[in-house]
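Sequences and hints are given; from them, build the entire structure.
Sequence order for the protein chains is G and S. In this text, residue positions in the first sequence follow the working numbering: the first is 682, and each later residue adds one. In this text, residue positions in the second sequence follow the working numbering: the first is 812, and each later residue adds one.
Please note: incorrect hints may appear among the correct ones.
Here are the simulated lysine to any residue pairs, SDA-like style, with alpha carbons at most 25 Å apart [claimed, not checked]:
1. 1289(S) to 764(G)
2. 1071(S) to 896(G)
3. 1071(S) to 1176(S)
Covered stretches of chain S (in silico footprint by chain G; criterion: 3 or more residues with CB under 8 Å from a CB of chain G, positions within the stretch not fixed) [as the list claims (entries may be wrong)]:
4. 1076-1088
5. 1164-1175
6. 1220-1226
Worth flagging that the hints you see were computed from the coordinates, not collected in a lab. Backbone N, C-alpha and C fix where the C-beta goes; we use that ideal spot for every residue, glycine too.
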Amino acid sequence: MSDQPTDTDQSNDAREDQSTGHETATDTDTDTSGPGPILVPVRVLEGQSVEPGVATLLSRARVLLLGYHEVPDQTPPGQARFQFEDRATERLADVAGELEVAGATVETRLVFTHNREQSLNRVAEETGCVGTVIPNPAMRLEDVLVPLRSERSLERVAGLTGDLLAGLDVGVTLYRLEREDEETSGRVLERARELLEARGVDPDLIETRVDTSLTPVRTIVNTASEYDAVVMGESDPSVTTFVFGETAAEVAERFHGPVLVVRRQSHDERPDEPTYAVDRETLSETDGLGS
Amino acid sequence: MGDRSTDGETASTEPTNVEGDRPIIEETTATEAATVHEEGTELERTIGLVGGLSIGVGTMIGAGIFVFPGLAAGEAGPAAMGSFAIGAVIALLVALPASELATAMPRSGGGYYFISRGLGTVYGTIVGLGLWLGLVFASAFYLVGFGHYAAAVLLEVGISVPFNPAAPLGVLFGVGLAVLSVTGTERTAAIQNVVVALLLGILTLFLVYGGLDSVGVFGTESTPERFAPFGWLPVLQTAALVFTSYLGFAQVATVAGEIKQPSRNLPLAMVGSVVLVGAFYVATIFVATSAFPSAELGTFGETAIVEVARAYAGPLGAVAILLAGLLATISSANASILSSSRAVYALSKDALLPREASAVNLRWGTPHVALGLAGVPIVVLTATDAVVLLAEVASFLHLVMYGLICVALIALRRNPPDWYDPDFRTPAYPALPAAGALASFGLIAFMDLASIVVGVGVIAVTFAWYLYYTDDVELKGKL
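Set out below in structure tokens:
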């Protein structure tokens, strides 16, 4: 700010501080400022908020809080912005404040769009988000269910879970659906436990659980109802839906609490390996690493 | 709401309109995927090339194929093909300059935006209000067309009413569309894409079959007829009439702010949609005039193409074309209502109409005032059932805008503001935009006197509004 700030300068600066701190967008070093960035989309004008359970889940994270307002095709997004921007910015700042009080580092963005999914995908891609939280209501966070599906996504899912929950009094249940391969299940769960402990999660708070099921989505949703939140890896590798994989999206839709979907790594990182797909049928299988 | 800190310190000296509002001119950065405002708010670009083409084609194809063939052939004979070709050439002469301006200014508002920035407030006001009202006339015209199709459907299924149901049906659907546009939150763009694809499919089948038939590949050989049985003047007059069939490409520019990769998709969508519908129109006239002598076609009126389909493919063909006609006219009317409401928004944002006109309700998220300002006059005009007058006044108001788009391009090229950096450059400058301007203004001369009088009257009213309302608002050169 200059020595003799004018009114305009002040209001512009204030607005900028609220809406776009640029500090985290290019910072990929997770050790110094917490795990993230984690995308948290909120329907900002429809009163969607983050409840205490979500705030706890994100208390150690760098959060990219994306306020969005979806308008029908007959309304230019600019026209909606023209009328609602001030209200949206204010609401978004409130939500950001709640997350910050819990301990998170928050950057906010505000978008007016015809297509929510497109906007979320773009922002997630631009900022290199490691995961997305669908902020369904949760009054508290006492235990989290972590369905594990493959050895490849294991490192990221368990790693991020550990980073987020280390030092918190939150139980973690590592969950595995299997069909025949008990050996793989044991190995996956063991590795996940190691990762969590390495990141600083209290070993007493870690449990493991194994079920068999032919309808994984339903089973996960049923099991999840005993827990406050779900963390799971993204499954569907299609370009258009890389924020929510298919299975994860279904769980998020049916589960009433918050869901953290851990993003796949970007496509260019492993260009030579076959695309990894988990659908409902192969959910409990490993992706060929063991065979 | 109207008072924004982004107006900066120049705010106090900035000229205002009669209500004391000033234009909202904001610093934005246009990226391929979004428009980012100075304070960080982003506006997503969600319309791709297919969506853009679908807006252009969907707006245009309803009129050229489903309303005009009978009227045009009745006036010009098979040479009505030439009328449609002339229309396509003029549209292209304007679409190229409009593409350049749209890539330089990928903002919502289309032709109004280019002209107000290139030529200043007075032309901007006339064109902006002209665009709104031009689209109102065009929508009313499409709805009248729709009414005739709906009446033909009633006739086909054997329901007879003691009066001509065309106009009442048009009015009824006009009201329905206006209400839906305010309260509906379905994915209208996706529906529009499907409708346009379906239409193009039906038409391609019909035209290929009819075309092969009429050149004698199979079936009966067609009636030879003199190409221009009524002489060449009617060809030009018909070109002026049917130019309403080419009003859609500029509607692509009214959503320029929402188009993804605007530098690529805007020119492709505008030029592409003109070329595509132009080809369909010429082929339609060829097939139609091969099936019937043009005088007979003229007596079929608005739904002549149904009789053509019946001649080639029997009752099934007639029903298919009737349904296609209903879809096409309603999609044209719908697209025009939406464009018209965007024109109102652009004017309101620039303080050329009251701020309230751009209000958005939170319940449906729709701009109900702007949609009402489009919907109500549309319904009133539809009730007149005056096909030719509505079409020509719509064309008149658009042609004024098209001519001025070309002039604005020349003005901006001669004296470019520092922000003027289009990704697409019009070829053959300055000859091409000059020809576009001359052709646009020239075509007006071939319209019916009544249409010219009404058109001039509308322009006079918009000029009066400029004198009364806009006061000393200055828009020239302001991005």
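Here's how the hints hold up against the structure:
1. With a CA separation close to 22 Å, the supplied pair residue 1289(S) and residue 764(G) stays within the 25 Å bound.
2. As the CA atoms of residue 1071(S) and residue 896(G) are separated by approximately 39 Å, the hinted pair breaks the 25 Å bound.
3. The straight-line distance between the Cα atoms of residue 1071(S) and residue 1176(S) is roughly 22 Å, inside the 25 Å bound, and the hint therefore holds.
4. Look at the segment 1076-1088 of chain S against chain G: 0 of its residues bring a Cβ nearer than 8 Å to a Cβ of that chain, fewer than three, so the hint is violated.
5. Under the rule that three or more residues need a Cβ within less than 8 Å of chain G, the assignment of the segment 1164-1175 of chain S holds, with 5 such residues.
6. Restraint check on the segment 1220-1226 of chain S versus chain G: 0 residues with Cβ-Cβ distances below 8 Å, three needed, restraint violated.
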